[in-house]
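> With the hints as your guide, set chain B onto chain A.
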Amino acid sequence: MAKITLNTATLGNSLSNLWRLTITALVILLLWQAIVVCFEMPPFILPPPLLVLEKLIGSYQLLLSHSLITMSEIVLGLLLGLLMGLLFALQMLLFKPLRRWLLPVLIASQAIPVFALAPILMLWFGYGMTSKVIMAALIIFFPVTTTCFDGLRYTPIGYLDLAHTMGANKWRQLWHIRLPAALPTLASGIRVAAVVAPIGAVVGEWVGSSGGLGYLMLQANARMQIADMFAALFILALFSIALYYFTDLLLKTLIPWHREQAGH
Amino acid sequence: MSISVQLSAASLQYAGAAQATFAGLNLNLPAAKWTCLLGPSGCGKTSLLRLLAGLIDSSHQLSGQISCSDGLSIDNRISYMAQQDLLLPWLNVLDNVCLKAKLLTGKVSAGEQHKARQLLAQLNLSGIEKSLPDQLSGGMRQRVALARTLMQDTPIVLMDEPFSALDAVNRYKLQDLAAKVLQGRTVLLITHDPQEALRLSDQLYLFSADQQLLPLPLPDSLPPRAVDAQLGQYQQSLLQKMQVLHG
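Chains as they are written, first to last, in the working numbering: chain A, 177 to 440; chain B, 120 to 366.
One chain only, chain A, in its complex shape (with noise of 0.2 Å):
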C-alpha cells in the first residue's frame, strides 16, 4: 500500500514538474513575441518563435546531423571526464603520498581557463570530434573529480569501523563501503557535469570544426541567419535539458537510498 501511494506521488510529481514546464516555456515564448512586436525587431536581430519554428521544421535534416555530431561529443565527452575523474579521484584516495602531486594537477586543470586550450586542443586533436569530447571531459573534469574525492574521503567512520572489525581488506572496503558511500556525493557531480558538458563541447565548436550546432550557429551568423542560429541554439538547450532530467532520473533509478534519506 506504501508503495502505490509512493509511486503516485511520483507520478503527481513528474506530471506537476511536466506542468510547470511547459508553462514556464509558454510564458518565456510569449515574452520572446512581446518583445519582437513592442519594440520592432527585425528578424536578423531576434526572429520571433514562429520564423524559428519555420526554420526548425524546414532545415530538420541539416539541424539533425549536426544535432547527432554534437550530441555524441556531449555524451563522449561525459563519459570521458567522468572516468578520469573517478579514476583521479581513486589515485589520490587510494596512493597518499601521489595525492601531494596530483592536487596541484587538478586544481591547474581548474586555473587554466579551457577556453584558452581550445585552440591548443585544435592543434593537437584536429578539427574532428576528438578535441571536441576531450574540450567537454576536460571542463567536467573537475566537479567530477572532487565531489568523487570528497565521497570517498568521508565515508562514515562508523561502516569502516565495521568493516574493519569483519577482517575486510582494502580493496573489499573500498568496492563495497566506499564507492557506494560515496555515490550521493558524486551524483552531485555528475548532475554539474551534464549540465556543463554541453558547453565545453560547443565552445571546442566554435573555436575549429567542420560540423555540430556550435559550427551551424557560427556559419548561420556569418551570414545574418540568425532564425537558424536560434533553431540550433534551441536544439542545444533542449537536449541539455534533457541531458539533465535523464541524469538525474538514472541517478535516482540507481541510488534509491538516496533519495530514501532525503525524505523525497
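Don't read these hints as lab results, they were simulated from the structure.
Looking from chain A toward chain B, a few residues come up when the C-beta cut is under 10 Å (computed):
| hint | residue |
| --- | --- |
| 1 | Gly334 |
| 2 | Asn345 |
| 3 | Arg348 |
| 4 | Ile353 |
| 5 | Leu359 |
| 6 | Pro432 |
Cross-link-like lysine to aspartate or glutamate pairs, in silico, EDC-like; alpha carbons within 20 Å at most:
| hint | chain 1 | residue 1 | chain 2 | residue 2 |
| --- | --- | --- | --- | --- |
| 7 | B | Lys152 | B | Asp339 |
| 8 | A | Lys428 | B | Asp253 |
| 9 | B | Lys234 | B | Asp214 |
| 10 | B | Lys360 | B | Asp312 |
| 11 | B | Lys226 | B | Asp214 |
| 12 | B | Lys152 | B | Asp312 |
| 13 | A | Lys346 | B | Asp194 |
| 14 | B | Lys152 | B | Asp321 |
| 15 | A | Lys272 | B | Asp176 |
| 16 | B | Lys221 | A | Asp337 |
| 17 | B | Lys292 | B | Asp321 |
| 18 | B | Lys292 | B | Asp312 |
| 19 | A | Lys346 | B | Asp176 |
| 20 | B | Lys299 | B | Asp339 |
| 21 | B | Lys221 | B | Asp272 |
Covered stretches of chain B (chain A as the covering partner; in silico rule of three or more C-beta atoms under 8 Å from a C-beta of chain A):
| hint | region |
| --- | --- |
| 22 | 171-178 |
| 23 | 194-204 |
| 24 | 214-221 |
Source: prediction; values computed, not measured.
Backbone N, C-alpha and C fix where the C-beta goes; we use that ideal spot for every residue, glycine too.
This is chain B only, laid out in the frame that chain A set:
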C-alpha cells in the same frame, strides 16, 4: 567454545593530546559473561573498546597486551555493535545481515542466506529481508544489527552503547533479547546508563575520573534482571557513587 580475554597494562595517548586517555589499565572479560563498563561521556570507555577491537590507529601512542584464554589472537574473533546500527543504506536487510561474507568473499552463499533468515526469524524480523534499512524503525534497525552480530558468530562481542538511541520500551525489550541470544559469548558492553549496566552485567566496572576501573556490586539475581526494588536500590547507590566520582 567460550573464551576469556585479558587486557594487561593498556595505555593510550592520542596523537596531539596533552595527557593519556588511560594508562596501565587491566581488565579481564570472563568467558561467556557480560562485562559492563559504566562511565560518563568522554571518560575513555569507548577508547578502551576500540583498543580491544583493533580500531585505534597506529599513529597514536598505544601499549598493552591482549590475550585470550585459548592462546589464540583476538583478531577476527570479535564482532562490534555501535550506538548507530551501522546498517549500510544501499543493502537490503538480508545483505546487511550477511555483510561479513560479502566483505570477505564478495558473495553470499545460499547456506548463509538461509542462516540469516533463521536469525531474522529468531529476532521477530521475518518478512523484511528485502526492505532497505531506511524503511525500518529504530528498534527494528538495531535488531537487524543484532542479527548481523549473531551472523558473524564470533566468541567475543563488543558493544558500544548499542541501545542508547532507542526509546525506553524498545531499549528494555532489546536488552532482554540481546542477553538471550548472546548467551555463551564473552561480551563487553559500554554504557552510560546505570540501569542498563545493572540489568545486564555479570561483572560491572565504573570508569573513575582518574581512569581506573572500580568494580561495583551487583544484585544476586541473574541477568537480564527485572527492574525491581532491589535493582532500584543498587541504581540509587550507583548514581550517588558516580556523582561523588565525577562531580
